[in-house]
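Visitor: Here is how the chains run, residue by residue.
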Amino acid sequence: MRSVLGQLGSVKMAVAVLAVMAGVLVYAASLDHELALHRVYRAWWFSALLILLAVNLAASAWVRYPWKKTQLGFVMVHAGIIIVLVGALVTRWLGFEGMEEGTVVTDERFLGIQPPGGDLIWRRLSVHRLEAFQPESVEWNGWKMIVDRYIPHAGKEERVIGGGDRFDPAIHFTIYNERVSVEEWLQPSDPRRARMAIGPLVVEVQQVTPAEWKVWKLASGKGDNRLTFLAAEGHPLRCVMGTRSGLIHRREVKTGQAIETPWMDLKVQVQSYVPNARREVEYHALPLESGKEGYPEAIRLTVRRGDQEEVRWLDLDGHPIQVGGTTLWFQRGRHPLGFSVKLKDFHVGKDPGTDRPASFSSEVEVKDGSRGRSFTKTISMNRPLKYQGYKFFQASYVPVQPGEPEISVLAVARDPGIHLKYLGSVVVIAGLAVMFWWKPMDRPRTP
Amino acid sequence: MNTVHVSRVGRASAFLAFLPLLVEANALDMRSLRGVPVQAGGRVKPLDTFARESVRWVTGTETFEGRDPMDVLLSWTAEPERWLEKPVISVRNLAFKRRMGLHADQQRYSMKTLMSIVPHHPWMLRVLEKERRDEKLNAEEQEGTSTYHKMLFLAQVVGGEAIPLVPHPSDPRAAWRSVQGAKGWVGHERLEKSWHALISAYRKGEATEWESAVREFQTALAAFPGRTDLSMEVHYNQLRPFRWAWIVYLATWLLFLLRTRFKTSWLGSLAFGGFATGLALHAYGIILRCLIAGRPPVTNMYESVVWVAFGACVFGFVFEFIYRGPRYFAYGALATGMVGLILADNLPNVLNPNLDPLVPVLRDNFWLTVHVLTITLSYSAFTLAMGMAHLNLWSPSEERDRSLYRVLQVGVILLAAGTILGGVWADQSWGRFWGWDPKETWALIALLGYLVILHGRKAGWWREFGTAAGAILAYQGVLMAWYGVNFVLGQGLHSYGFGTGGAAYVMMYVAVEIAFVGAMVLRRRRI
Chain A
1 MRSVLGQLGS
11 VKMAVAVLAV
21 MAGVLVYAAS
31 LDHELALHRV
41 YRAWWFSALL
51 ILLAVNLAAS
61 AWVRYPWKKT
71 QLGFVMVHAG
81 IIIVLVGALV
91 TRWLGFEGME
101 EGTVVTDERF
111 LGIQPPGGDL
121 IWRRLSVHRL
131 EAFQPESVEW
141 NGWKMIVDRY
151 IPHAGKEERV
161 IGGGDRFDPA
171 IHFTIYNERV
181 SVEEWLQPSD
191 PRRARMAIGP
201 LVVEVQQVTP
211 AEWKVWKLAS
221 GKGDNRLTFL
231 AAEGHPLRCV
241 MGTRSGLIHR
251 REVKTGQAIE
261 TPWMDLKVQV
271 QSYVPNARRE
281 VEYHALPLES
291 GKEGYPEAIR
301 LTVRRGDQEE
311 VRWLDLDGHP
321 IQVGGTTLWF
331 QRGRHPLGFS
341 VKLKDFHVGK
351 DPGTDRPASF
361 SSEVEVKDGS
371 RGRSFTKTIS
381 MNRPLKYQGY
391 KFFQASYVPV
401 QPGEPEISVL
411 AVARDPGIHL
421 KYLGSVVVIA
431 GLAVMFWWKP
441 MDRPRTP
Chain B
448 MNTVHVSRVG
458 RASAFLAFLP
468 LLVEANALDM
478 RSLRGVPVQA
488 GGRVKPLDTF
498 ARESVRWVTG
508 TETFEGRDPM
518 DVLLSWTAEP
528 ERWLEKPVIS
538 VRNLAFKRRM
548 GLHADQQRYS
558 MKTLMSIVPH
568 HPWMLRVLEK
578 ERRDEKLNAE
588 EQEGTSTYHK
598 MLFLAQVVGG
608 EAIPLVPHPS
618 DPRAAWRSVQ
628 GAKGWVGHER
638 LEKSWHALIS
648 AYRKGEATEW
658 ESAVREFQTA
668 LAAFPGRTDL
678 SMEVHYNQLR
688 PFRWAWIVYL
698 ATWLLFLLRT
708 RFKTSWLGSL
718 AFGGFATGLA
728 LHAYGIILRC
738 LIAGRPPVTN
748 MYESVVWVAF
758 GACVFGFVFE
768 FIYRGPRYFA
778 YGALATGMVG
788 LILADNLPNV
798 LNPNLDPLVP
808 VLRDNFWLTV
818 HVLTITLSYS
828 AFTLAMGMAH
838 LNLWSPSEER
848 DRSLYRVLQV
858 GVILLAAGTI
868 LGGVWADQSW
878 GRFWGWDPKE
888 TWALIALLGY
898 LVILHGRKAG
908 WWREFGTAAG
918 AILAYQGVLM
928 AWYGVNFVLG
938 QGLHSYGFGT
948 GGAAYVMMYV
958 AVEIAFVGAM
968 VLRRRRI
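First to last, the sequence lines map onto chains A and B. In terms of our numbering, the first sequence opens at residue 1 and continues consecutively. In terms of our numbering, the second sequence opens at residue 448 and continues consecutively.
Isolated chain A (complex conformation) (with noise of 0.2 angstroms):
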C-alpha cells in the first residue's frame, strides 16, 4: 500500500500528470472554445486527469508525514491546489448552463413523452451538437422511437399540404396590384401564420362556427383596413373587407377568382383553400458555424408502434407533434428558477466628448413569490445581483435607435463550488507566502 501510494506521490508522477495536462491544455486552446469545452474541459477523461492530479498532490503530501516545519508551505499549497480541484469537480458536476424565463437551462437534450391524460415523461438523449452523430433510440410503453437522423444547425421550411386528419384550414392566397405582388399561406390554427400585415392593411383567417360564418361582425369595427377570411367546417370560404371609414363588403371565395377589394386597387386571389391541413416541414443542415445562435437543432424521429411506423421531424425547443394522440417534445433541459427577475431601468455613463461606454447599470426588480419577498437593486459593472447562489452580472448592453430604451445584456451564473475555491486559493496563496518567506530569504542550497 505504501508503495503504490509512494509510486502515485512521486515526484516523477507529478511531473508526469502536469506535462500531459499541458499537453492537452495546448490542444484544446488551439480548438475553438465551445468545441474545446465539449471535447475536452467537460469531457470525463479530463475530470479523471484532474482527480488524478488531486491524488497525486495528496499521496505525495501524505507520504511525506510526519512534516518538516520547513514543508508547511509545500503542504499547505498541495492541499489548496486539492481543495481548488474538488470545487472545481463540485462546478463541473452541479453547475448550470444558462437561464430562460425564471427556469434555469442546462446543455442536455431531452425527449418528453405525454399520453393522452398521463404525465409528462422526460428521456434523456445523448445527441450533441458538437459531436459525431449516432443513431439511438427510446422504449415506451411498447413503442419505439428511434432517432434517425440530427441536424445541428438546421434550416427549415414549412409546406402546408392536405390530408389531415381534422379541420384545420389553411388557405393560400395573393395580393396584388400594378406594383406589388404578395404570396401567402395563412392558417388561423399556427399564431405565426394567423395573421398578416401588408401596408396598411391587415389580412388575416378566422376559424369560426357555421352561426358565426353567416352574421360575422369585424370585431375592431371602424378604423381599420381589414381582411378576413372565413372558413367553417362543411361551408364554402367566404370573405369579409372592412375599411377605416366603416365600409364592409362580404364576398364568397371562388379558388383562382381575382377579387377586387377597396384599397389601392389592390385584387386579392386565392390559390388554394385547404380545409383539412396539415404543416410539412422539411429541414436541411446548414454549415456549423460556431457561436452563432439562433437556429433550430433538428432531429427526426421515426416512432414505431405495433406495425405501425411514422417519420417525424421535432425542433429544438419548437412546438410539440402529435403521434397517435400521444404528444412529443424536443428541449433542453429545465429547471425551475422559483423567482423572477425584471429590468426596470438602464444608465450608460460616457466618455467625456464620446460615444464610448464608461459605465452601465441596470436597475432590476425581483419577485420572488414562494418566499414572498420582492425588492429591486442596481446591478452595474463588477457589482453584481446575488440571490438564492444566483449571480446577476451586468455583461453588456445593446444600443438600439435614438430614443428607443437600450437593451440590457445580464449574465447569470450560479457555482455551487465557489466556496471550495475560495478556501482553497486562501490556503495555497497562504502556503505560496509561507514558502516564499522561509525559503528564497535563505542563501540558495544546492536543491
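FYI, nobody ran anything at the bench for these hints, they're computed from the structure. Owing to the predicted nature of the structure, the values given are computational and were not obtained by experimental measurement. Any given hint could turn out to be false.
Derived DMTMM-like pairs (lysine to aspartate or glutamate); straight-line CA-CA distance at most 20 angstroms [as the list claims (entries may be wrong)]:
1. Lys-640(B) <-> Glu-526(B)
2. Lys-12(A) <-> Glu-911(B)
3. Lys-350(A) <-> Asp-803(B)
4. Lys-583(B) <-> Asp-32(A)
With the hints as your guide, set chain B onto chain A.
Guide: Same frame as chain A, now just chain B:
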C-alpha cells in the same frame, strides 16, 4: 522649410534621439501652448499629447522629419500647401498597398496620391460600410479604414477643425469643439480672431509676434470653463523617463562588463549607482503615468512591457543585494530591462503608448489590480530567468544555476498566486472562477511548464543545463499567454489589451530561441 525646423541628428542615431527636443530653443517657443487642454479620445489631455498622438498615428513616428510634433501639427494647420504633396501618411499593410496600386516600397504617401485613389475605390467603400456596421475587419481592411481616417483627419486639421480645444461655455458634459466648430458660443469671436492671429504668426515665424499671439489666444481661451492643470503630463511627455532609463541601463550594463575586466571597487559602486538611477527614472515614469491616468500601471501592452521590464530590474537589483553574487542577476536584469524599454520606446505601432480610457469592466476594481500586477510581476521574473538562462547555457556554473533556480521559484510563486487571484477577479466580474478562456488556459500552460521544470529537477531528470534550457523554452508559453493571446489569437474575454502587429518579430524571436537552445544542446553533446 519652416524656421521651426530642427536638427536631424535625432534620426541619425538612436542614442541621440532625444536631442531635437533640447535644441528647440532657437525655434518658436511652444512651451506655453503645450499645456492647453484638448478633449479627445475620451479624456482631456494637453495639446502636446494630442500633437504627439496625432503625428504618431498619421506618420508612424512621433518626431516626423526630426521635428517637434507640436510644430508638425501647427504646420499642418497653418500651411497646408506645404504638405499636400509630401509623403506623410504612413501605410504599412502590403496587401492594401497592392490593392490600391501604391508603390510597395514606400512607407508613406502624400495626401494628393491617396486622395486620387482611396476615397473612390469600390473596395474601400465596401470596407467603410463594414466598419460602420461594426463588423470584424481583417488586417488589410483595418489598414484601409485607418488610412481613410488619417486622410480625413489631415483634411480636418487643414480646415482647423480637428483640434477640439473649446469647452462648452455652460454644459460641462457637452463635447468640446474646435475653434471653427464653436461658432455661436459665447466668447467665440475673440477666440477665432486670436486663433487666426496665431496661425498667421506661425506662418511668418517671427518670435515676438508669435509670443504675443500665443498670449492673446490663451487669454481668449481662458474665458471658457474647463481649465485644468496638465503640466504633469507635459512634463512626462518632455522628460521621456523611459528613454532615459534604458540609456542609463545600457551604460550601467557596460560598466558591469568593464568591471569584470578591471576589478576596481569604484567601478562597481558606480555601476550600482547607475542601476539605482535607471530604476529611479523607470519608477518615476511609471508613477507619473499612474498619476496622470489615475489608474494602475498595467492596462495595455505598452504598459505591461514597461512594467515587466521594471519588475525584472527590481528583482535583479534586490537579488544582487541579497546574494552579492557575481552580478548574474544584474546582467540579466539590465539586459531584459533595456530590451523591454527599447521596444516600448521604438515600436509605437505595436505598443501604443497612448493613455486611453479603459473599458468599463476594468475600472475601479481592486482584485483586477492585484491580479494583473502579480501576473505581470511573474512575467518579470520569467523574463529575467530567460535572460539569465542564456548565460547559463553558454557557460554553466553552479552559482549561476542556483541564481536561476531562485528566480524561477519567485516566478512560479507569483504566477500561481496571480492566476488564482485572476480566478477571484473573474468570479467577481464575470461570475465564474475559471472558464477556460484562452488567456486563462495559456497562463495555466505556462505555469505547468515551469512546474514541470522545477519538479523534473527534483525527480533528478535534469540538472543545470536542463533547467536553463527549460527556462528559455517555457518562456515561450509566457509569451503566448502575454502577447500571443492578445495579438495572435485575438479572442476571448480578455479582449481589452488586444492589438495587431509585431507577430513577425515575435515569431523570429521564438525561432532564434529554439535554434539557440538546439545549438547549445549540440555543443554540449560534442564536449
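Visitor: So which hints don't hold here, by number, going up?
Guide: Violated hints: none; all satisfied.
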